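Colleague: Protein chains in written order, with this note's numbering: chain A, 1 to 137; chain B, 1 to 137; chain C, 1 to 137; chain D, 1 to 137.
A hint or two may mislead.
DSS-like cross-link-like pairs, simulated, lysine-lysine; straight-line CA separation at most 30 Å [stated by the list, open to error]:
#1 D:Lys70 with A:Lys111
#2 A:Lys111 with D:Lys86
#3 B:Lys86 with C:Lys111
#4 D:Lys111 with D:Lys86
#5 C:Lys111 with C:Lys86
#6 B:Lys70 with C:Lys86
#7 C:Lys111 with C:Lys70
#8 A:Lys86 with D:Lys70
#9 B:Lys111 with B:Lys86
#10 D:Lys70 with D:Lys111
#11 C:Lys86 with B:Lys111
#12 C:Lys70 with C:Lys86
#13 C:Lys111 with B:Lys111
#14 A:Lys111 with A:Lys86
#15 B:Lys111 with C:Lys70
#16 D:Lys86 with D:Lys70
#17 B:Lys86 with C:Lys86
#18 B:Lys70 with B:Lys86
#19 B:Lys70 with C:Lys111
#20 A:Lys70 with D:Lys86
#21 B:Lys111 with B:Lys70
#22 D:Lys111 with A:Lys111
#23 A:Lys70 with A:Lys86
#24 A:Lys70 with A:Lys111
#25 D:Lys86 with A:Lys86
#26 A:Lys86 with D:Lys111
Here are a few chain B residues that sit away from chain A, every Cβ distance over 10 Å (derived from the structure) [claimed, not checked]:
#27 Arg35
#28 Gly45
#29 Arg50
#30 Glu54
#31 Leu74
#32 Gly113
#33 Gly127
For the record, the hints were derived by calculation from the structure and aren't laboratory data.
This one's a predicted model, so the numbers in the text were calculated from it and none came from an experiment.
C-beta: ideal position from N, C-alpha, C; glycine also.
Number of protein chains: 4
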Amino acid sequence: MAESARHQFPLRVYYEDTDAGGIVYYANYLRFAERARSEMLRELGVESSRLMAEDGIALAVRRCAVDYIKPAVLDDALIVETEVTKIGGATLEALQIVRRDDDELVRIELKLGCMTLGGRAARLPEGVRERLGRNCN
Amino acid sequence: MAESARHQFPLRVYYEDTDAGGIVYYANYLRFAERARSEMLRELGVESSRLMAEDGIALAVRRCAVDYIKPAVLDDALIVETEVTKIGGATLEALQIVRRDDDELVRIELKLGCMTLGGRAARLPEGVRERLGRNCN
Amino acid sequence: MAESARHQFPLRVYYEDTDAGGIVYYANYLRFAERARSEMLRELGVESSRLMAEDGIALAVRRCAVDYIKPAVLDDALIVETEVTKIGGATLEALQIVRRDDDELVRIELKLGCMTLGGRAARLPEGVRERLGRNCN
Amino acid sequence: MAESARHQFPLRVYYEDTDAGGIVYYANYLRFAERARSEMLRELGVESSRLMAEDGIALAVRRCAVDYIKPAVLDDALIVETEVTKIGGATLEALQIVRRDDDELVRIELKLGCMTLGGRAARLPEGVRERLGRNCN
Numbered sequence: 001m002a003e004s005a006r007h008q009f010p011l012r013v014y015y016e017d018t019d020a021g022g023i024v025y026y027a028n029y030l031r032f033a034e035r036a037r038s039e040m041l042r043e044l045g046v047e048s049s050r051l052m053a054e055d056g057i058a059l060a061v062r063r064c065a066v067d068y069i070k071p072a073v074l075d076d077a078l079i080v081e082t083e084v085t086k087i088g089g090a091t092l093e094a095l096q097i098v099r100r101d102d103d104e105l106v107r108i109e110l111k112l113g114c115m116t117l118g119g120r121a122a123r124l125p126e127g128v129r130e131r132l133g134r135n136c137n
Numbered sequence: 001m002a003e004s005a006r007h008q009f010p011l012r013v014y015y016e017d018t019d020a021g022g023i024v025y026y027a028n029y030l031r032f033a034e035r036a037r038s039e040m041l042r043e044l045g046v047e048s049s050r051l052m053a054e055d056g057i058a059l060a061v062r063r064c065a066v067d068y069i070k071p072a073v074l075d076d077a078l079i080v081e082t083e084v085t086k087i088g089g090a091t092l093e094a095l096q097i098v099r100r101d102d103d104e105l106v107r108i109e110l111k112l113g114c115m116t117l118g119g120r121a122a123r124l125p126e127g128v129r130e131r132l133g134r135n136c137n
Numbered sequence: 001m002a003e004s005a006r007h008q009f010p011l012r013v014y015y016e017d018t019d020a021g022g023i024v025y026y027a028n029y030l031r032f033a034e035r036a037r038s039e040m041l042r043e044l045g046v047e048s049s050r051l052m053a054e055d056g057i058a059l060a061v062r063r064c065a066v067d068y069i070k071p072a073v074l075d076d077a078l079i080v081e082t083e084v085t086k087i088g089g090a091t092l093e094a095l096q097i098v099r100r101d102d103d104e105l106v107r108i109e110l111k112l113g114c115m116t117l118g119g120r121a122a123r124l125p126e127g128v129r130e131r132l133g134r135n136c137n
Numbered sequence: 001m002a003e004s005a006r007h008q009f010p011l012r013v014y015y016e017d018t019d020a021g022g023i024v025y026y027a028n029y030l031r032f033a034e035r036a037r038s039e040m041l042r043e044l045g046v047e048s049s050r051l052m053a054e055d056g057i058a059l060a061v062r063r064c065a066v067d068y069i070k071p072a073v074l075d076d077a078l079i080v081e082t083e084v085t086k087i088g089g090a091t092l093e094a095l096q097i098v099r100r101d102d103d104e105l106v107r108i109e110l111k112l113g114c115m116t117l118g119g120r121a122a123r124l125p126e127g128v129r130e131r132l133g134r135n136c137n
């Protein structure tokens with residue numbers, strides 16, 4: 001997929017995101033990434049709250065690997081790019097890149113699993129799989 | 001009540017609590033205060049997760065007024081003092097003070113209400129009222 | 001000022017904002033409010049990071065009073081309305097309202113003070129006062 | 001090193017740590033892990049705020065890989081175990097495990113780098129290396 005076809009989510013860095021080192025606190029890039037995944041799903045017609053209420057399931061992160069390349073700072077305008085790289089019956093994999101203009105700041109590889117609210121693995125609803133598949137390479 | 005009779009909750013300031021101004025981010029004192037209230041309740045035999053699971057209720061903050069007097073910084077050892085100042089049938093009021101040694105840093109006055117998970121006001125369970133009452137002045 | 005003249009800041013509720021009670025965690029409305037104040041200032045040409053770097057000052061919350069009227073939940077689209085209600089030499093006061101459509105969810109009254117990075121009170125830079133004044137009623 | 005020789009940091013799960021799915025939000029385990037690393041360093045006589053003020057350096061996470069095995073929930077009493085697995089001139093590696101009793105919930109492998117506040121790589125101060133080395137296997 002061309003880079004331009006990745007889902008793009010813009011965000012701003014506020015005081016809440018930074019720490020006394022003057023940069024964005026390392027855990028907060030995972031918050032940014034989850035916002036981006038939520039918006040990508042919403043644009044595909046999949047809302048987390050409806051998945052919970054109607055299907056009794058949620059997408060949970062099983063594994064993530066995060067490379068911190070350069071720090072973001074207060075007032076930065078960032079973009080989170082999201083690309084679904086693999087879809088299985090109950091799991092999906094994604095690559096997320098946090099950018100500031102042309103600079104790649106943080107790179108996140110994730111594996112997500114579909115779970116019941118009771119915590120057991122569940123199949124991805126067919127509609128979700130199909131819609132994500134159109135976005136997958 | 002003598003000051004020494006207030007519930008005392010110690011905590012440490014970590015990077016996650018601070019912001020790029022080099023001080024604790026203003027919203028985070030409310031996180032500290034809620035930890036202290038939870039521990040005070042736990043010592044009285046009241047756990048939030050059991051209140052939710054067994055009684056279907058939660059204590060929600062209805063109103064708070066926060067005075068920021070002096071800032072806390074990274075690595076500070078703080079104490080949150082909690083005093084229940086009033087108990088009603090479905091509400092309670094408390095004063096919480098965040099200290100560093102003898103310095104009063106932040107002062108929080110709260111009104112909490114007992115709510116069902118559906119969001120309606122509910123009476124405080126009798127056992128909770130009675131145990132809190134012993135701590136109230 | 002007509003309500004429509006208040007600064008409007010839209011935001012979405014994500015998992016990070018919610019808690020196990022199924023609603024937005026009470027401290028997080030202060031994060032939402034600070035984002036809205038930052039964007040209001042940015043639109044007036046005042047960036048927090050530039051205030052720190054160029055003027056050596058920051059706007060710190062001195063006092064806030066928060067009324068929690070109705071809870072927000074996952075996936076809600078919210079608006080934070082901000083109105084500067086008073087401007088002094090070194091302080092300003094504001095009212096912020098978190099809405100979901102026509103529902104007022106949370107109401108925040110704040111007093112902010114201008115501070116040097118060393119923690120002492122400082123006068124608001126004249127340009128900032130003047131630009132905020134045009135927004136004040 | 002025997003498991004019992006790993007640094008042990010106890011913590012409690014509060015509402016602030018959980019999300020609407022009823023479990024601890026995935027980014028928050030990184031907050032727990034950083035608290036544990038800070039306390040391990042503090043016990044070795046190394047405080048983050050002193051490193052910044054006196055040496056002008058900070059330890060920043062360069063890479064982390066996180067396995068989410070089982071979720072933690074509200075009121076859980078957790079332990080974060082920390083083991084330094086490798087020390088270089090400017091970097092160190094660590095393994096951190098979040099446990100609830102005998103259950104391994106989250107496993108975090110990290111690479112940290114020593115940085116100047118300006119963002120460039122720096123050597124670990126000799127005293128820090130030496131004290132960490134005694135804890136390394």
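Colleague: All the hints need checking, so say for each whether the structure fits it.
Modeller: Hints, one by one, checked against the model:
{"no.": "1", "hint": "D:Lys70 with A:Lys111", "result": "holds (15 Å)"}
{"no.": "2", "hint": "A:Lys111 with D:Lys86", "result": "holds (27 Å)"}
{"no.": "3", "hint": "B:Lys86 with C:Lys111", "result": "holds (27 Å)"}
{"no.": "4", "hint": "D:Lys111 with D:Lys86", "result": "holds (9 Å)"}
{"no.": "5", "hint": "C:Lys111 with C:Lys86", "result": "holds (9 Å)"}
{"no.": "6", "hint": "B:Lys70 with C:Lys86", "result": "holds (23 Å)"}
{"no.": "7", "hint": "C:Lys111 with C:Lys70", "result": "holds (23 Å)"}
{"no.": "8", "hint": "A:Lys86 with D:Lys70", "result": "holds (23 Å)"}
{"no.": "9", "hint": "B:Lys111 with B:Lys86", "result": "holds (9 Å)"}
{"no.": "10", "hint": "D:Lys70 with D:Lys111", "result": "holds (23 Å)"}
{"no.": "11", "hint": "C:Lys86 with B:Lys111", "result": "holds (27 Å)"}
{"no.": "12", "hint": "C:Lys70 with C:Lys86", "result": "holds (27 Å)"}
{"no.": "13", "hint": "C:Lys111 with B:Lys111", "result": "holds (20 Å)"}
{"no.": "14", "hint": "A:Lys111 with A:Lys86", "result": "holds (9 Å)"}
{"no.": "15", "hint": "B:Lys111 with C:Lys70", "result": "holds (15 Å)"}
{"no.": "16", "hint": "D:Lys86 with D:Lys70", "result": "holds (27 Å)"}
{"no.": "17", "hint": "B:Lys86 with C:Lys86", "result": "violated (33 Å)"}
{"no.": "18", "hint": "B:Lys70 with B:Lys86", "result": "holds (27 Å)"}
{"no.": "19", "hint": "B:Lys70 with C:Lys111", "result": "holds (15 Å)"}
{"no.": "20", "hint": "A:Lys70 with D:Lys86", "result": "holds (23 Å)"}
{"no.": "21", "hint": "B:Lys111 with B:Lys70", "result": "holds (23 Å)"}
{"no.": "22", "hint": "D:Lys111 with A:Lys111", "result": "holds (20 Å)"}
{"no.": "23", "hint": "A:Lys70 with A:Lys86", "result": "holds (27 Å)"}
{"no.": "24", "hint": "A:Lys70 with A:Lys111", "result": "holds (23 Å)"}
{"no.": "25", "hint": "D:Lys86 with A:Lys86", "result": "violated (33 Å)"}
{"no.": "26", "hint": "A:Lys86 with D:Lys111", "result": "holds (27 Å)"}
{"no.": "27", "hint": "Arg35", "result": "holds (18 Å)"}
{"no.": "28", "hint": "Gly45", "result": "holds (27 Å)"}
{"no.": "29", "hint": "Arg50", "result": "holds (19 Å)"}
{"no.": "30", "hint": "Glu54", "result": "holds (18 Å)"}
{"no.": "31", "hint": "Leu74", "result": "violated (5 Å)"}
{"no.": "32", "hint": "Gly113", "result": "holds (24 Å)"}
{"no.": "33", "hint": "Gly127", "result": "holds (29 Å)"}
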